[in-house]
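K.L.:
Sequences listed follow chains D and U, in order. The numbering of the first sequence is UniProt numbering, which starts it at 1 and goes up by one. The numbering of the second sequence is UniProt numbering, which starts it at 1 and goes up by one.
Worth double-checking, as some hints may not be accurate.
A few chain U residues that don't get close to chain D, going by computed Cβ distances all over 10 Å [unchecked claim]: (1) Phe38; (2) Asp99; (3) Pro124; (4) Arg153; (5) Ile173; (6) Gly177; (7) Leu234; (8) Tyr250.
Examples of chain U residues toward chain D, derived with CB under 7 Å [said to hold, decoys possible]: (9) Lys156; (10) Arg230; (11) Glu233; (12) Asp240.
No lab work stands behind these hints: they were computed from the structure. Each residue gets a CB set at the ideal place from its N, CA and C atoms; glycine is no exception.
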Amino acid sequence: MTDPTTTEPRTDTGLSGLEIRGLRVAFDGFTAVDGVDLDVGPGDLRFLIGPNGAGKTTLVDAVTGLVKAEGSVRFGGEDILGRSVHRIARSGIGRTFQTATVFEELTVLQNLDIAAGAGRGTLTMLRRRKGVPESVARALETVGLTDLAGSLAGTLAHGRKQWLEIGMLLVQDVRLLLLDEPVAGMSHDERQATGELLRRISRERTVVVIEHDMDFMRSFARSVSVLHAGKVLSEGTVTEVQADPKVQEVYLGHAATEGTTTGVPRPTAAQEA
Amino acid sequence: MTTTTPQVPSVKQLRSPKGRLTFLRPAAGFAAAAVALFAVAPLALSDFRLGLLAKYLCTAMVAVGICLAWGRGGLLTLGQGVFFGLGGYAMAMHLKIADAGPGQVPDFMQLYGTATELPWWWRPFANPVFALAATVLLPMAVAAILGSFVFRRRVKGAYFAILSQALAAAFAIWLVGQQATTGGTNGLTDIQGFFGYDLDDPVNQRMVYFVIATVLLLLIALARQLIHSRYGELLVAVRDSEERVRFLGYNPANVKLVAYVVAAGMAGLAGALFVPAVGIISPALIGIVPSIELVIGAAVGGRASLVGAVLGAIAVAWARTALSEEFPAAWTYFQGLLFIVALAFLPGGLASLVGIVRRRRASRAPEGEAA
Chain D
1 MTDPTTTEPR
11 TDTGLSGLEI
21 RGLRVAFDGF
31 TAVDGVDLDV
41 GPGDLRFLIG
51 PNGAGKTTLV
61 DAVTGLVKAE
71 GSVRFGGEDI
81 LGRSVHRIAR
91 SGIGRTFQTA
101 TVFEELTVLQ
111 NLDIAAGAGR
121 GTLTMLRRRK
131 GVPESVARAL
141 ETVGLTDLAG
151 SLAGTLAHGR
161 KQWLEIGMLL
171 VQDVRLLLLD
181 EPVAGMSHDE
191 RQATGELLRR
201 ISRERTVVVI
211 EHDMDFMRSF
221 ARSVSVLHAG
231 KVLSEGTVTE
241 VQADPKVQEV
251 YLGHAATEGT
261 TTGVPRPTAA
271 QEA
Chain U
1 MTTTTPQVPS
11 VKQLRSPKGR
21 LTFLRPAAGF
31 AAAAVALFAV
41 APLALSDFRL
51 GLLAKYLCTA
61 MVAVGICLAW
71 GRGGLLTLGQ
81 GVFFGLGGYA
91 MAMHLKIADA
101 GPGQVPDFMQ
111 LYGTATELPW
121 WWRPFANPVF
131 ALAATVLLPM
141 AVAAILGSFV
151 FRRRVKGAYF
161 AILSQALAAA
171 FAIWLVGQQA
181 TTGGTNGLTD
191 IQGFFGYDLD
201 DPVNQRMVYF
211 VIATVLLLLI
221 ALARQLIHSR
231 YGELLVAVRD
241 SEERVRFLGY
251 NPANVKLVAY
261 VVAAGMAGLA
271 GALFVPAVGI
281 ISPALIGIVP
291 SIELVIGAAV
301 GGRASLVGAV
311 LGAIAVAWAR
321 TALSEEFPAA
331 WTYFQGLLFI
341 VALAFLPGGL
351 ASLVGIVRRR
361 RASRAPEGEA
371 A
C-alpha cells in the first residue's frame with residue numbers, strides 16, 4: 001500500500017518554489033482559469049485574492065490534481081501537472097479546504113498521526129500506535145492543540161479545526177501549503193494567532209493563502225497576486241497591489257473603502273455552527 | 001515552531017482516564033467468550049442445538065469481516081455470499097471427492113450420467129492442502145481483482161453495494177446452470193466425511209463445533225488487531241473523508257482493498273467450515289437473500305463494533321430459525337423491517353446503546369454526585 005522509497009520522513013525541508021505557466025482549466029465551455037502564469041518564490045507567504053469566481057480555488061484544485069488542467073505546474077524542479085492527487089501530495093504539496101475537513105470520528109492525535117504516515121511501511125501500519133511520534137508532538141505544540149490531543153476532532157471549535165488542518169500539513173511535511181480561506185469564520189484573536197502561525201511556518205515552507213479578508217491580507221501577506229476572471233490581474237507587495245488602478249477598479253478599492261474592521265462577510269462563515 | 005521545545009505528551013495523558021480498565025476489558029471479553037463457547041454451550045445444548053450454534057458461528061465469522069469492511073471501511077458489502085460460497089464450494093468439492101473414493105466421481109455426477117471422470121477444474125481440489133488453501137485464498141483473489149477494478153474507478157456507496165449484490169446473484173445463477181459439475185440447485189449435498197472423520201458421529205460433530213468456535217475467536221482477534229492498528233485508524237479516515245485522505249498522500253483504493261480482501265477471506269473460511277457443520281452448500285445459501293441476511297445481523301448488532309456485529313449475526317440467525325419454524329411466511333418481512341428499523345433509528349446498532357447510556361450517565365453524573 002505504500003511506496004517503499006519514501007518510507008522515511010523527509011528531513012530536509014528544502015525550500016521549493018512553485019512555477020505555473022499558461023494554466024487553463026475549462027469546465028463545459030466555461031474557462032475558470034484562463035492562462036495563469038504565477039511564480040511563488042521559496043519561503044514566500046503569498047496571498048491570492050480576487051472577487052468570487054476569479055478562479056482562486058480552481059487554481060489550487062488544478063495544482064493539487066483535483067481538476068484537469070492544461071499548461072505546466074513545476075514544483076521543486078518537477079512538472080507535477082497530470083499526476084494523481086496522492087502523488088502530488090507525496091511530492092510535497094498540501095492543501096486545506098474552505099470548510100475544514102478533518103476526520104471527525106478520530107481524535108486530534110489520530111488525525112495528525114494519519115497525516116504523518118503516508119510513507120509508512122506495511123508492518124508499521126498493522127501495528128498499534130504507541131505513544132506520540134515526535135513530529136506529531138511538535139505539530140500539536142505549534143498549532144496549540146496539545147491539551148486537546150485526545151478529543152474527537154468533530155468536537156473542536158471551527159477555528160481549532162482549521163489549526164488542526166494546518167497541523168496535519170505540518171506533520172505531512174509538505175514544502176508548499178495551499179490554504180483556502182483559513183481564517184474564515186474566526187474571531188479577531190484567532191485570526192491574529194493564525195497569521196502569526198503562518199508567518200512562522202513560512203520560514204521553512206512556502207505558503208499560499210486564498211483569502212477574502214483584506215485586513216488579514218494587509219497584516220500578514222509578504223506578496224499578493226490578484227486574480228480576476230481567470231487571469232492574474234496584478235502582482236506585487238501589498239502596497240503595490242493596492243496602488244494598482246486595475247485592482248482598485250475590480251476589487252480592492254471597493255473593499256478598501258468599506259470599513260476596515262471586520263473584513264468582508266463570506267458565504268462560508270454561515271456554514272459553521 | 002523552532003523555538004519551543006516540543007513537549008511530548010505521555011501516552012498515559014492521551015489515553016482515556018480509565019486507561020488500565022480499558023486495557024483489561026478485551027482480555028476479559030475473550031475469556032468470557034471462550035468459557036461460553038467451549039464450556040457452557042457444549043454442556044447446556046443438545047447435539048442438535050449445538051449443531052445449529054455451529055452454523056450461526058459461521059455466520060458470525062462473515063459478520064467479523066463485514067464489521068471491518070462496512071463498519072470501519074464504509075463498504076456496504078451486500079455480496080458476501082459470493083465469498084462464503086467460494087469457500088464453501090472449495091471445501092465441499094474436496095469432501096465430495098474424498099467421499100467418492102479414489103478413481104470414483106462424486107455421486108451427483110454419476111446420477112446425471114455425464115461424467116465418468118472429474119472435470120479438470122475439480123481435480124486440484126482432490127488435494128486437501130490445495131482445497132484448504134483455496135477456501136481462503138480463492139475468495140481473497142476474487143475480491144482483490146474485483147476490488148482493485150472497482151475502487152480504482154472510484155465506484156462507491158450504493159453503486160458498490162448494488163454491484164456486489166449483482167455479483168452474488170450472478171454467481172448463484174451460474175452455479176444453478178452448471179448442474180453436471182456443481183450439482184445445480186441442489187448444490188453439493190450429503191457430505192459424509194471431514195478429513196477422515198465420519199460426520200454422522202456426534203463426537204465428530206462436536207469436534208467441528210470446537211474448530212468453528214476456535215476459528216471465530218481467532219478471526220475476532222485478528223480483526224481487533226486490524227481495527228486498533230494504524231491501518232484501522234486510516235480505514236475510518238477513508239470511510240469518513242476519502243478525498244482528504246488522498247490529499248495526505250495515500251491512495252484510498254488500496255486502503256479499502258485491504259479491508260475488502262480480508263473480509264472476503266473471512267467469509268470464505270466461514271463458508272468452508274459451514275460445510276462440515278451443516279453437510280451442504282447450495283446456491284440458495286449464497287445468493288442475494290442470504291447475502292443480505294449476513295449484513296442484517298451486523299447492522300442490528302452494530303456494524304462498527306466487533307462484539308455488536310458478532311452477537312447481532314448470531315442473534316439474527318437464531319431468530320431466523322426460531323421464527324421461521326413458527327411463521328415461515330412472516331420471517332422475510334420481519335427481517336426487512338428489522339433492517340430498516342436498525343438503520344433508520346439506531347444506525348450504530350444495539351452496540352451503540354451502550355455508548356448512549358454511558359454518555360447519558362456521564363452527563364448526569366456531575367449534577368448527581370459530587371465525589
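K.L.:
With reference to the structure, classify each hint as holding or not holding.
P.N.:
To see whether the hints hold, each was checked on the structure:
The claim that phenylalanine 38 (chain U) lies off the interface holds: its Cβ sits roughly 28 Å from the closest Cβ of chain D, which is beyond the 10 Å cut-off. Distance to chain D confirms aspartate 99 (chain U) as a non-interface residue, since its nearest Cβ pair spans about 40 Å, more than 10 Å. Proline 124 (chain U), annotated as away from the interface, keeps every beta carbon of chain D farther than 10 Å; the closest lies near 30 Å. The claim that arginine 153 (chain U) is not at the interface with chain D holds, since no C-beta of that chain comes within 10 Å of its own (minimum 13 Å).
Under the 10 Å C-beta cut-off, the non-interface status given to isoleucine 173 (chain U) relative to chain D holds; the minimum distance is some 34 Å. The claim that glycine 177 (chain U) is not at the interface with chain D holds, since no C-beta of that chain comes within 10 Å of its own (minimum 38 Å). Separation of leucine 234 (chain U) from chain D is inadequate, the least Cβ-Cβ distance of about 6 Å not exceeding the 10 Å criterion. Non-interface status of tyrosine 250 (chain U) relative to chain D is broken: a Cβ of that chain comes within 10 Å, the nearest being about 5 Å off.
Interface restraint check: lysine 156 (chain U) against chain D, minimum CB-CB distance 16 Å, threshold 7 Å, status violated. The beta carbon of arginine 230 (chain U) comes within 5 Å of a beta carbon in chain D, closer than 7 Å, and the hint placing it at the interface holds. The interface hint given for glutamate 233 (chain U) holds, since its Cβ lies 5 Å from the closest Cβ of chain D, which is under the 7 Å cut-off. Of the supplied interface hints, the one on aspartate 240 (chain U) holds, with its beta-carbon coming within about 5 Å of a beta-carbon of chain D, less than 7 Å.
Violated hints for the displayed structure, listed by number in ascending order: 7, 8 and 9.
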